[in-house]
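Each chain, letter by letter, is given below.
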Amino acid sequence: ETGVTQTPRHLVMGMTNKKSLKCEQHLGHNAMYWYKQSAKKPLELMFVYNFKEQTENNSVPSRFSPECPNSSHLFLHLHTLQPEDSALYLCASSQERGPNLYEQYFGPGTRLTVT
Amino acid sequence: ILNVEQSPQSLHVQEGDSTNFTCSFPSSNFYALHWYRWETAKSPEALFVMTLNGDEKKKGRISATLNTKEGYSYLYIKGSQPEDSATYLCARMNYGGSQGNLIFGKGTKLSVKP
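Chains as they are written, first to last, in my numbering: chain D, 1 to 115; chain Y, 116 to 229.
Hints were generated in silico from the structure; no laboratory data involved.
Among the hints, a few may not be true.
What the hints assert, rightly or not - Listed below are several chain D residues computed to face chain Y (Cβ distance under 10 Å; list not exhaustive):
#1 L90
#2 Y105
#3 G107
In this text the structure is predicted, and so the values were computed from the model without any measurement.
Even for Gly, the Cβ is constructed at its ideal location relative to N, Cα and C.
Full structure from sequences and hints, please.
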């Protein structure tokens, strides 16, 4: 148990559906992240939020829309996805101070399948 | 080196063997190097965060070293146990980049046979 929870754990959706992934951290961290893990590829950073402000968008298609209403919650809204978007989506959080700079605490991930 | 590279891609060892993996990364604009362990069906878990050239860190039977000038880090596991079986990821953070912006390697998958 890392203190970062994600729901749902598994999601199957059609290309015309709209769904949302949810992440919550109970660690008092100020930064939250979305990552994508595709088969045979490294973890890819998608979005970074610091104190609820988006500070990084790594050229992610607009069919992925993040939302960070407060520093404990992070959402990833999905619409008109493509089959190649099927992947494991991981959420993480970190603190900007302390001895372990930006050490990230990961959630268990959402396994997304787009049909 | 443009990306973070890890070798070997996978490794099979017997219980009790000691082993090590390599992480290579661009040395320019270096800020920090992270190591994570990712067990199947679990979340990646941080092992070490290192920033200084020559840094050495240890946690139990696992240790890591860092050379920022030549752009590499080694992870060592002494006396491997079956519970060490996992994928070990390294990630680099650039100086001046967005806070927490990590660039990950593909990982080294370790299997330890009893």
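Given L90 (chain D) as an interface hint, is the shortest Cβ-Cβ distance to chain Y below 10 Å? It holds, given that the least Cβ distance between L90 (chain D) and chain Y is near 7 Å, below 10 Å.
Could you check if Y105 (chain D) really has its C-beta closer than 10 Å to a C-beta on chain Y? holds, 7 Å
Would the stated hint for G107 (chain D) survive a check requiring a Cβ distance to chain Y of less than 10 Å? Nearest chain Y Cβ about 6 Å off; hint holds.
Hint check: no violations occur; every hint is consistent with the structure.
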